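K.L.:
For this one, chain A is given, so just place chain B on it according to the hints.
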Amino acid sequence: MTSVDLLTRRTWLRRSALMTTGMSLSGLLGRLAAQAAEDPRRKRSCILLWMAGGPSQLDTFDLKPTHTNGGPFKEIATAASGVKISEHLPQLARQMNRLAILRSMRTREGDHERATSHLRTGYLPQGPIRFPSLGALVSNELADLDADLPGFVSVLPQGAFSQSAVAAGFLGSSHAPLVVAGSGETLKVEDLKPPSVSAQRSHERLELLHTMEASFLASRRGTGTTSHVTAYDRAVRLGRKAAARAFDLSQEKDRLRDQYGRSLFGQGCLLARRLIERGVPFVEVTLGGWDTHDNNFEQVKSLCGVLDPAWATLIEDLKDRGLLDSTLLVWMGEFGRTPGINPRNGRDHYPGAWSVVLGGGGIKGGQTIGRTSKDGSTVEDRPVSAPDLIATICLALGLDPKKQNLSNVNRPIRLADPSCEPVKEVLA
Amino acid sequence: MVQGRIRILVLILIVGMSFVRSAVAGPRDAKELAARIDRRLENHWKAEKIQPAPHSDDAEFLRRIYLDITGRIPRPADAHGFLSDNSADKRGQLIDQLLESPRFAIHFANIWRAELLPEIATNREAGVFQRGFENWLRERFRAGVGYDQLVRELLTVPIAAKGQDAEPVLRDPERPNPLAFFAVKAARPENLAAAVSRSMLGIRLECAQCHNHPFAKWKREQFWSQAAFFAGLRKQGDGLFAPLTESADRHEISASWSGKLLQAAFLDSSTPKWQEGRGPRTVLAEWITSRDNPYFARAAVNRMWGYFFGTGLVDPVDDFRDDNPPSDVDLLDDLAHSFVESGFDLSFLIRGICLSRTYQRTSARTNPSQDNTRLPARMAVKAMTAEQFFDSLALATGYREDQDKGAARRQFLARFALASSVSEPETSVQQALTLLNGRFISWATDPEKSPTLIAATQTPGMSLAQRIETLYLATISRKPNPEELDHLERYVRRAKSNREAERLADVFWTLLNSAEFRMNH
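Residue numbers (the working numbering), protein chains in the order written: chain A, 5 to 432; chain B, 2 to 522.
Okay, chain A solo, but in the shape it has when bound:
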């Protein structure tokens, strides 16, 4: 397919999409106008560092060194005066003036699946409504559907792709995450390249597909065929050199790769930067293993050894490239851990009082928000719910949390639950 072909085909597609999905012209113009009116520097991206399993707040960002609940870890001073964090996050401590810790998360779900859905969508599961995850929400608002790269990339998601937590829900497949999986030490987009098929043959097959399905597509114009052609078009563009190169980490200097850490998560953070740089509005990178019912302290220490260099280098790297001010960083899991230490030297699930960290674009760094009690068991100041957090993230990205999308049950659903009270004091 020549580029001229592609262009006309895409123009046709967009026109037919307009005609057949019933999208109103005024709606489209409205959006274009809004985009033009926006200061280009205001357009933001988001990197979510997802800590699957529920990280221990008491051993990372809300230590209780004077209480028996505190455990063996020590606090260290950071670049932000008065803000102290765990001794096992020394590099991050130097970046603390770019980060804000919310120490007063208070949610109710203590089950991994329900809590994950809750924190990733901002809603509690409700019957048949398929709530979109944060990545899909942001993609829906900020993605350029004509770009070669998708609007939502999920690096190393745990488990199946169908999990509601990483899914697009009622926003539909065009905002479904593109998954980057890890195998061995490398990250790759599954099925990006045809195995053992020459470029020539691959090209011929696509030509054949294009020709052979033309009459079916023409006779059945509508959402289904439009979506089919669009997805194939994007998949093929994604396979092309420039787009595929975004995923090729060998383009980076060895030294920088070492600084991120040669863990899958570390390299995933580097990949996130490459994608953000190329205009992808939302990238999430998962670090699992935080479900520390046993040997909490050994495990948290080892996880921090992976997290600390990756995250700190990401901040530095984004800053070096002038991207930090337009990139929101979110560090969170589905809940925290119990302040009390169990007989197996572990900590169990605890949604009652825990921490989330925000940083980068849109965030006033170098501060802590909220406070937990001396033993860490309750929130004493400024409780933050999951909807509050989602609304805060929306505002930091320049999105209106009250904006509504039409759900699969034809009921309008706001980006954040109407009960939300955004944490305004954390916004820059």
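Careful: at least some of the hints might be erroneous.
Restraint ranges, calculated between C-beta atoms of paired labels, are given here [as the list claims (entries may be wrong)]:
{"hint": "1", "chain 1": "A", "residue 1": "Arg415", "chain 2": "B", "residue 2": "Asn373", "range": "20 to 30 Å"}
{"hint": "2", "chain 1": "A", "residue 1": "Arg415", "chain 2": "B", "residue 2": "Thr272", "range": "23 to 33 Å"}
{"hint": "3", "chain 1": "B", "residue 1": "Gly240", "chain 2": "A", "residue 2": "Arg249", "range": "44 to 54 Å"}
{"hint": "4", "chain 1": "B", "residue 1": "Asp372", "chain 2": "A", "residue 2": "Arg375", "range": "57 to 67 Å"}
{"hint": "5", "chain 1": "A", "residue 1": "Arg249", "chain 2": "B", "residue 2": "Phe242", "range": "46 to 56 Å"}
{"hint": "6", "chain 1": "B", "residue 1": "Asp405", "chain 2": "A", "residue 2": "Asn299", "range": "54 to 64 Å"}
{"hint": "7", "chain 1": "A", "residue 1": "Leu128", "chain 2": "B", "residue 2": "Arg29", "range": "43 to 53 Å"}
{"hint": "8", "chain 1": "A", "residue 1": "Arg249", "chain 2": "B", "residue 2": "Glu484", "range": "35 to 45 Å"}
{"hint": "9", "chain 1": "B", "residue 1": "Asp372", "chain 2": "A", "residue 2": "Arg249", "range": "57 to 67 Å"}
Chain B is faced by these chain A residues, among others (derived, beta-carbon under 10 Å) [to be verified]:
{"hint": "10", "residue": "Gly173"}
{"hint": "11", "residue": "His179"}
{"hint": "12", "residue": "Ala180"}
{"hint": "13", "residue": "Pro181"}
{"hint": "14", "residue": "Glu194"}
{"hint": "15", "residue": "Val201"}
{"hint": "16", "residue": "Leu212"}
List of simulated lysine-lysine pairs, DSSO-like, C-alpha gap at most 30 Å [stated by the list, open to error]:
{"hint": "17", "chain 1": "A", "residue 1": "Lys192", "chain 2": "B", "residue 2": "Lys220"}
{"hint": "18", "chain 1": "A", "residue 1": "Lys406", "chain 2": "B", "residue 2": "Lys450"}
{"hint": "19", "chain 1": "A", "residue 1": "Lys192", "chain 2": "B", "residue 2": "Lys50"}
{"hint": "20", "chain 1": "B", "residue 1": "Lys220", "chain 2": "A", "residue 2": "Lys407"}
{"hint": "21", "chain 1": "B", "residue 1": "Lys218", "chain 2": "A", "residue 2": "Lys406"}
Calculated from the structure, these hints are not laboratory results. As the structure is a computational prediction, the values presented were derived from the model and not from experiment. Every residue, glycine too, gets a C-beta built ideally from N, C-alpha and C.
P.N.:
Coordinates of chain B only, in the frame set by chain A:
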């Protein structure tokens, strides 16, 4: 004498069987229902000046009816047989045959499970209940029980009384298990009330859980009065797997917003008659499935209409309310009445719908006026469930689950889970990549490994045209038209003769990636 006795016995058997299958309705009634559907719609087309699409050809009908009733495309041999059959009533015969096939029970169990337990799509723990619940539904569909009986059996499944040993909700994941419905809803009265109202009555009562319904007449009290029928249920422990007990004499609930004690009451505001020995679930089930219930049969026929046509007469199919009227209220009432008269026989209803010219119209858009109606002036292009798609893919390629212990099936079910409404099929980039480049497609289009390709390329004595035709029948269940055949023959011949198998593999790859294969049209 002996002969006479056998004759009587046979008579009793036949009468008995037809009594189980359908109390009143026979095949003739289904044809009459189909004719009434068509008449009603013809009137619409005339009044609205709409030019409906023409009748589908045999191949289009064949693929559609297989996907709709059995959940997958036809085998090539079945496709061949049907296409070369010249009998006048072959479509009707095929519908009957498919409704009797085991695949009907398998597919409809899957469809109803997705409706009754949507939680499974997002909660892996709940997923453990899927097999048992579907196995129970399959058994009931195979036994041909009426829809009313199915719902009664589901709602009144025995649960141990308080004080007795609690009822385990899961023994063996494979064992038919209607109790899964209660377990997955965490046995909470409000979850059960919402699910029962939505799935069985077509009413979205859950919006009234927290506030009076903004668009409909439902009040918060009514939601909690419906929930009160389940107020006696108790989970003995935490989590979805905790066993259950029930205090069957309890039919009041304290509503979460006021703490006010509310008595169980039906949604039509009538008051239940309580009797010794009839628990609240039985009382509710009897009201729901009664012939006079104003919602039950309408909701069921509307759901089936929505299933076969992509859009319900009331749409969304579970959103009956005053300001969301049906596109044809008389048709809805006629369908509901006929369904009740048939003894709530789903097969009868399906026959009636599928025999209609309306169902058998082509999905090709032949006139712009066809876009201006909620009634089906042409068949909708429908999305496939992940199961429909993968099971079709498996049949087309010759995949067998034992070759990889079901790994490919699991991957596809996760990746191709239906994310949109049926009438708006969607394809994601990840799905496109899987079908363009994935491991399964590489296997399926490898001329040395793919069973279908081996048959199509290595069977001696076939012409190139026949080989191409074999691939068409295996995938999109039709023969190529002359232009397609000409184009593909030239495509294959353009390569050196020793690469014919590879070129045929390209043809197969193209068919598997086509929109025509991906959708139900």
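K.L.:
Answer holds if the nearest beta-carbon of chain B is closer than 10 Å to that of A/Glu194; otherwise answer violated.
P.N.:
holds, 7 Å
K.L.:
Could you check if A/Gly173 really has its C-beta closer than 10 Å to a C-beta on chain B?
P.N.:
Holds, about 7 Å.
K.L.:
Quick check on a hinted range of 35 to 45 Å for A/Arg249 and B/Glu484, using CB atoms only.
P.N.:
holds, 40 Å
K.L.:
Given the hinted pair A/Lys406 and B/Lys450, is their Cα-Cα distance within 30 Å?
P.N.:
Violated, at about 54 Å.
K.L.:
Taking 54 to 64 Å as the hint, is the beta-carbon distance of B/Asp405 and A/Asn299 inside that range?
P.N.:
36 Å Cβ-Cβ, so the 54 to 64 Å window is violated.
K.L.:
Would the hint on A/His179 stand, with a C-beta cut-off of 10 Å toward chain B?
P.N.:
holds, 9 Å
K.L.:
How does the Cβ-Cβ distance of A/Leu128 and B/Arg29 compare with 43 to 53 Å: does it lie in that range?
P.N.:
Roughly 51 Å apart at Cβ, these two residues keep to the hinted range, so it holds.
K.L.:
Holds or violated: the hint that A/Leu212 contacts chain B, with Cβ atoms closer than 10 Å.
P.N.:
holds, 5 Å
K.L.:
Would you check the hint for B/Lys220 and A/Lys407, treating anything up to 30 Å between C-alpha atoms as holding?
P.N.:
Holds: B/Lys220 and A/Lys407 sit about 27 Å apart, inside 30 Å.
K.L.:
Does the Cβ pair A/Arg415, B/Asn373 satisfy 20 to 30 Å?
P.N.:
holds, 26 Å
K.L.:
Need the status of pair A/Lys192, B/Lys220: alpha-carbon distance at most 30 Å?
P.N.:
violated, 52 Å
K.L.:
Is the hinted range of 57 to 67 Å satisfied by the C-beta distance from B/Asp372 to A/Arg249?
P.N.:
Taking Cβ atoms as reference, B/Asp372 and A/Arg249 lie about 43 Å apart, which means the hint is violated.
Going down the numbered hints, you'll see the structure goes against 6, 9, 17, 18, 19, while the others check out.
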